[in-house]
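**Student:** Sequence:
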Amino acid sequence: MGRKPISSRGGDAPSNPQTRRMKLTGMRGRSPRNVGVSLVTVTAVATGVTYADHAPLIPPIASEFGLSDLQAGLLSTALFVTFFLATLPTSGFADRLGPKRVVAAGVGLALAGSVLFGLAPSYAVALAAKAIEGVGAALAFPSGARYIAGLYGDARSHVGLGLFGAGYPLGSAAALLALPALASAYGWRAAFAVSSAFIALALVLWLAAPAVPAVPRTGTMRDALRCANCWLAALQHAAGIGVALASATWITVYLLREFALPLALSGLLGSSLLVLAVFARPFGGVLVTRGLLGTKAVMRLGDIAIVAGVGLLAIPGRPLPLALGGALLVGVGAGLPYAGVFTTADASLPAAPGAAQGLAAVGGTAGVMIGAPVMGYAVQTSGFGAAWLFVGAVAALALVGTFAMKGEEELRVPLGGAGDRLV
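No gaps in the numbering here: position 312 of the sequence shown is 312 in this note's numbering, and each next residue is one more.
Some hints could be false.
Restraint ranges, calculated between C-beta atoms of paired labels, are given here [to be verified]: (1) A386 <-> D69: 14 to 24 Å; (2) A193 <-> P319: 35 to 45 Å; (3) A260 <-> S382: 15 to 25 Å; (4) E258 <-> A396: 21 to 31 Å; (5) A208 <-> R257: 46 to 56 Å; (6) R290 <-> G187: 22 to 32 Å; (7) P373 <-> A193: 30 to 40 Å; (8) N34 <-> I370: 36 to 46 Å; (9) D69 <-> A193: 18 to 28 Å; (10) E258 <-> R96: 49 to 59 Å.
Keep in mind that the hints were calculated from the coordinates and are not lab data.
Just so you know, even glycine gets a beta-carbon here, dropped at the ideal spot from N, CA and C.
Please build the complete structure, drawing on both the sequences and the hints.
**Tutor:** Below, the structure written as structure tokens:
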């Protein structure tokens, strides 16, 4: 069943011949699709900032609130747990209410959480602020993917999805790089004020984005939970961004302890893992869109890159260049499958594509929530070799899963080059 075309009107609107003409003529001389992809990517960057805005500011925050290491770590937990819990019941909102509205609500909650954290008088309020940001992310992320699908209609959306997906690690990396300097000069609350201002700007820009129609679906998250292919897509996302963020949590400590590098240099080199994921996400989309590789082939390539990368990281006595090469392979492998994972999830459950993509998103969140502490326990009890073995095992399991999975191409019937029809 085909998708409806985009509309350049202000709200999410039904399809009609007028919208088809608007799609062709563009929005003030620009393609609505290009404008929409650009603006939804900005919302991804803004939401990605909330994933990591507190992390580089933990020393002054912990000092002001008198926090232990465990309490400081729970700030991230508050965001990802609420993300996980809120995604399950809300992932179908975009199909019922229209993705533009739901993305706006998500970015609005991210802004509210950021402002509240910057003004927080106590640790409890700061925890609540991160929880609000988690709910915002749960709304914005799956709805952004549905918005991309609406922009592209029957055309392949891999490049657009890759650009959108790249916004999240880009926002997190920007927060890690920019906020410490702001906090050093003006204090951590001022740093949060700057990040809040950026999120507010993203929200204002988003309100001018071209709309796509709401497409009511008959299915729900219950259908996604019964869809084996949807679970395999979730496993791929867990092996991708899940283990990438978990690995990014420990790569700086790994470089610090294994090679006795200065903390600042370890952090800079370690950030290359996420930076590569930023570029690999749209590149994976290009590979599929140009017909160079199929969706499952890109997933397998990513899984193999992660396994190879952690193999290099785990070699005893390996030189620094070899370890850095391993980290880069993990970053590339984590990013390549992103677009293919979400288009495959979409095609796996035509009755509830938003729920299917939401389940895939939950897989990535679960990968972070489980992966980071498991790696920490492995480092504490057996060393970094065991931690990298865990990462490699997850990627290897995802690789095996691709042989049971149906890729996007297997779930669609070509329509003579004009598009695809779901089967």
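**Student:** Check each numbered hint from earlier against the structure, then list the numbers of those it violates in ascending order.
**Tutor:** Going through the list in order, the structure violates hint 6 alone and respects the others.
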